[in-house]
Amino acid sequence: MRERETDVVVVGAGGDGPALAWRLGQLGVDVTILEAGPFYGNERWAAPNDAPGGESSTDPGDLSGERYDEQFTAREGEMNDPVAGKLRWGPADAERSPWQRAIPQQAVITQVAGVGGTTQHYYGNHPRAFVPAIDEQPHWPIDYDQLVPYYQRLEAVHPIEPAPTTPKAAVFFEGARRAGYERTDGYNVTSEGYRPFPNAILQPDERLMGDGGERDGESAGGEGESATDEYRYPDYEGDTLAAHEHQGGPHPRGAPVRERARRSSNVSLVPRALDTGHVEIRPNAFATQVLTAGGPGPVAATGVEFRDTWAGTVERVHADAVVLAAGCIETPRLWLNSGLPDDGWVGKGLTTHWFDFVAGVFDSATTETLVGQPAVEPHQGQAAGARVDVPGAGGIAVNTFAPGLTATTMYAAGQGEWSFDRDTAGEPWDTCGRLAGRELKERMADYRRTLTLICHTDDRPRQANGVSVDESTTDEHGPVPLVEWEPHPDDDARRDDLAVRAAEILREAGATHVHRADAAPILLHMQSSMAMGKVLDAGCEAHDVDRLFVADHSALPNGVGGANPTHSGQALALRTAERMAERYFGGVDEPLGGA
Amino acid sequence: MSYTQGTFAALVDAIVPETPGLASRGEEHVPGGLDVSLEAAVVERTNRFLEGESRVPLATVVAALLDAAAVELLLRRRATDGLNAPAEAFSRGVFARLSRRDRLRALGLLEGEEGAFARIADRFDDAGLGVVTYLAGSLPVLVQFVYYSEATAAAGETRSLGWRQADYPGPAEGYPVGMGYEIEAFEENEYESEMRKDDAGESEDDAGGEHESGGSER
Ligand SMILES: Cc1cc2nc3c(=O)[nH]c(=O)nc-3n(C[C@H](O)[C@H](O)[C@H](O)COP(=O)(O)OP(=O)(O)OC[C@H]3O[C@@H](n4cnc5c(N)ncnc54)[C@H](O)[C@@H]3O)c2cc1C
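Chains as they are written, first to last, in our numbering: chain V, 1 to 595; chain B, 1001 to 1218.
In case anyone wonders, no lab produced these hints; they're calculated from the structure. Glycine is no exception: its CB is placed at the ideal position from the N, C-alpha and C atoms. Take the hints with a grain of salt, since some may be wrong.
[Claimed, not checked] Where chain B lies over chain V, by a calculated footprint (3+ residues, C-beta under 8 Å):
no., region
1, 69 to 76
2, 202 to 208
3, 240 to 251
4, 424 to 431
5, 435 to 443
6, 464 to 474
7, 512 to 518
Construct the complete structure from the given sequences, taking the supplied hints into account.
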C-alpha cells in the first residue's frame, strides 16, 4: 500500500474544505485535500470523465480556462442530469452510475462531487447568518460577533457585493414594496425587509447595465442564433448575466478559471489555496477510513485511508491532524464507517431549510408597465439576485432556472396529491402540488412569463433527522449513508408562512396565476449534522477524537436562520483553520478574528 | 414494445401527453413525450441509477412496481376511471390500462406514506423497502427534467421539443439586462445581540479539546 505523510489531510474539496486549506496554507501548514470527484478546468485532467488523467495538482498554473470552457457547456441536461450529468454525486468516470444512498422516503438530494463540490452549481448567494439565529437560538456556542471578521474576509476576497437589478428582480422588488416590506441595506440581518442578494458574483461589465428603460434583451451567442464573440473575456470581464449558475456558471467564456464571475470555491478559493504553495489537491480519491491511534480511552486521528476511484487501489495519508469536509452526509458516514465514537449526535440534527417554491405568471402588459418588456425572462440575469428576509421564519428569494430545472422544482418535486386532486378554493394560490398533462404543458409554455420564488425555511435541528449508515447496503466505499429527514409541525408552519408571503409578493406585482409546489424534502442546503456544540467543541474539533476537525456545513450548529449557508460554512472553516494552527501548528501571528 | 418500455410509455404519457387542445398556442405545443422517445431516455437513466452486481435492470423492477401500485389502487377503490384497453405503445400491464390521472394516483401510492410499500417498510423498519418510495418520487422528476432539458433533441437539433415548447433559446453568452443597483454596497450596520453566550465557551477553546460548550438545548 502506498503511504505518505503531510501536516494536515482534508477530506473533500467542496464549498468549505478549500477555505480551510487556503488559510492553513497561508500559515505555512502543508495540506493534502482528498476529493472523491473530478477536477474540472485543470490541464492535468484533459478528459476527466473518460480517463484517470494526472494524480494531483499543486500548481495554480494547472488551472485551465480552456478546459473549463470545453467541459462546462451550460446545457442543463449535460451538466445537471442527476444520473448522467457532469455535476452529480458520482465518480468522474461517465460510464459509471452515481454513488448510492439509502433514502427511505420521497426526497431529492442534490450534492455534487468534484473540486468545488456542491458550489460547482451554486448560485453564489452569500448572505451572512441572521443575527438572531446565532445569538438567540440556543445552538451556537459562540457569538455572531466572532464570525464577523471571517465574513468580512470572504466579502473582500470573493468578493461579495449587492446583486445588480435585472427585470425579474425589479418585478420582485416592486411586489415586495407593495406588500409592505422595506428595504434593508446592511450585512447584519435582524429584521424583515427586502434587498438585493449579497452575491459572490463579480459585478457585470458596465456595457451590460442599462438605465432600466427599453432594452431589446437580445442574447449574444445563443444557440438559436448565430454565435458571436460578444460578451467574451477579455473584451468583457465579470458577470455576463447569462443565468447559468446551476449549469456550472462558466461565464465569461475565455477567462482564466480564477476570473470566472460566479465564485464557486473551485474558482475563488482553490486558486488562492494553490497559490500558497502548501496545498495539494488529489481528485478521484474517496476516503473510506479515518485512521486513529490510542484507545481504549482517548483516541487521536492520525490519517486517512482512501480509494482511487479509477484504479480501485487503496492508499494512506498520515498527518498531524485530519479534517472532515465531505459534506453533511459523507462526513458522518465516514465517521461511522471508521468506528469512531458516537455520542448520539453524530449525523443527527440535520437541517435542510425545508424548501418550497411559489411561481407567478405575468401578462405581457404587466411586465411592460413594470420593467418595459413583454415577459419576465427568467433565463436572463443572475439566477438569484433578490430576496426578502424574515428572521424567525426564513427567507424568500427569486430563484430561476432553465426549463428542465424549472419543471423539476416547480412542477415535479411536490409531495402528496397531484394538483388535479386538490381543491385550492380560498387558498392564496390557484394551483398547488405536482402538475401533469395539459396543465403542466401550459405552465411550461408560460415559462418566459413566469417568476419562480424559493422559500428557505428556518427549520430547527432535531435528533430524529439525519444520517446513519445502512449496514445492509454496501458499495466499494463501505456501508452507504442512510438519510432521513422529516419536517416538524413548527417547521411546516414556518414554511406555510413563507409560501403565503411569496404568493402575496407575486400577486402584488400583478401575477395572474400563482402556483405553489408544496415540495417534498429537497436536500440541497444541508447543515448541522455534526454540530459544533454537540459532536464538536467551539473550535470544531471532535469532543471524542483528538486532532480530528470538521470543516463543512455539518459543523454549523443550526440552519443559520434560513440564510443560504455557504457564507457561514466558509467563515467557520477559516476560523477552524486558525484554531487548528493555534492548537497544533505553532499558533497564528495575526488571526483574522483577533488575538 | 417490451414490457418495461411499454410501462414507462404509459407513465410518460400520463405526465407529458400529446395535447391537441393546445394547438391554439401553436402547433409546437401538441406533441408530447412519446413523440421524442422520452420513455427510452427515462428507462436508460433508471437502469443507470444503481450500479450492477447481480441486480436485475432497475427499470424492469420499477415497471413491476407500477403494476403492483395499479393493483393496489384498484383494490383500495381509489381508481376513478376504471380500466381501458392499453394504447398501442403501452405494455399490456394493469398500470397501462389505467386512465392518465389514475396512473399518477397509483404512483402516489408507491411514494406516499399511506401506500402499501411505505407501510410495510415502516412496519419492518426496513430501509431497503423504504427506498421504493424514493424511487417512485424520483420518476416524475426524471420524466419532467429529461423532457424539458435538451436531452431529447435529435442529432443535429440544437433545441429539444421541451426547450421549444418553453420558448427557451438555449445557453447564451450573456444578456444586457442590468438595470443598475438597488444598493451600491452593503453597510456594516449595528445589531443588537440580545442574548450573548458567556465568554467561558470560547476561552476554554484555547485549552484544546475537551469541554462542553454552549450547553445547547435542541
Ligand atoms: C443548485 C444549488 C444551488 C445552490 N446555491 C447556493 C447558494 O447560492 N448559496 C449557498 O450558500 N448555498 C447554495 N447551495 C448549497 C451549497 O452548494 C452547499 O451548501 C455547499 O456547497 C456545502 O458545502 P460543504 O463543504 O458542506 O459540502 P460540498 O460542497 O458538498 O463538498 C463536499 C465535498 O466532499 C467530497 N467528498 C464527499 N465524500 C468524500 C469522501 N469520502 N472522500 C473524499 N471526498 C469526499 C465531495 O465530492 C464534495 O466535493 C446550492 C446548492 C445547489 C445544489
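Outcome of the hint check:
1. With 4 residues having a beta carbon nearer than 8 Å to a beta carbon of chain B, the region 69 to 76 of chain V meets the requirement of three or more and the stated coverage holds.
2. With 3 residues bearing a CB less than 8 Å from a CB of chain B, the region 202 to 208 of chain V meets the requirement of three and the coverage assertion stands.
3. Figure legend: the region 240 to 251 of chain V, annotated as covered by chain B; annotation consistent (7 residues with Cβ-Cβ distances under 8 Å, at least 3 required).
4. For the region 424 to 431 of chain V, the assignment as covered by chain B is violated, since 0 residues bring a beta-carbon within under 8 Å of that chain's beta-carbons and 3 are needed.
5. Coverage of a stretch by a chain is defined here by at least three residues with a beta carbon nearer than 8 Å to that chain's beta carbons; for the region 435 to 443 of chain V and chain B the count is 6, and the condition holds.
6. Only residues whose C-beta sits within less than 8 Å of a C-beta in chain B count toward coverage, and the region 464 to 474 of chain V has 3 of them, enough to reach three; the restraint holds.
7. Under the rule that three or more residues need a Cβ within less than 8 Å of chain B, the assignment of the region 512 to 518 of chain V is violated, with 0 such residues.
Against the hints set out earlier in the document, violations occur for numbers 4 and 7.
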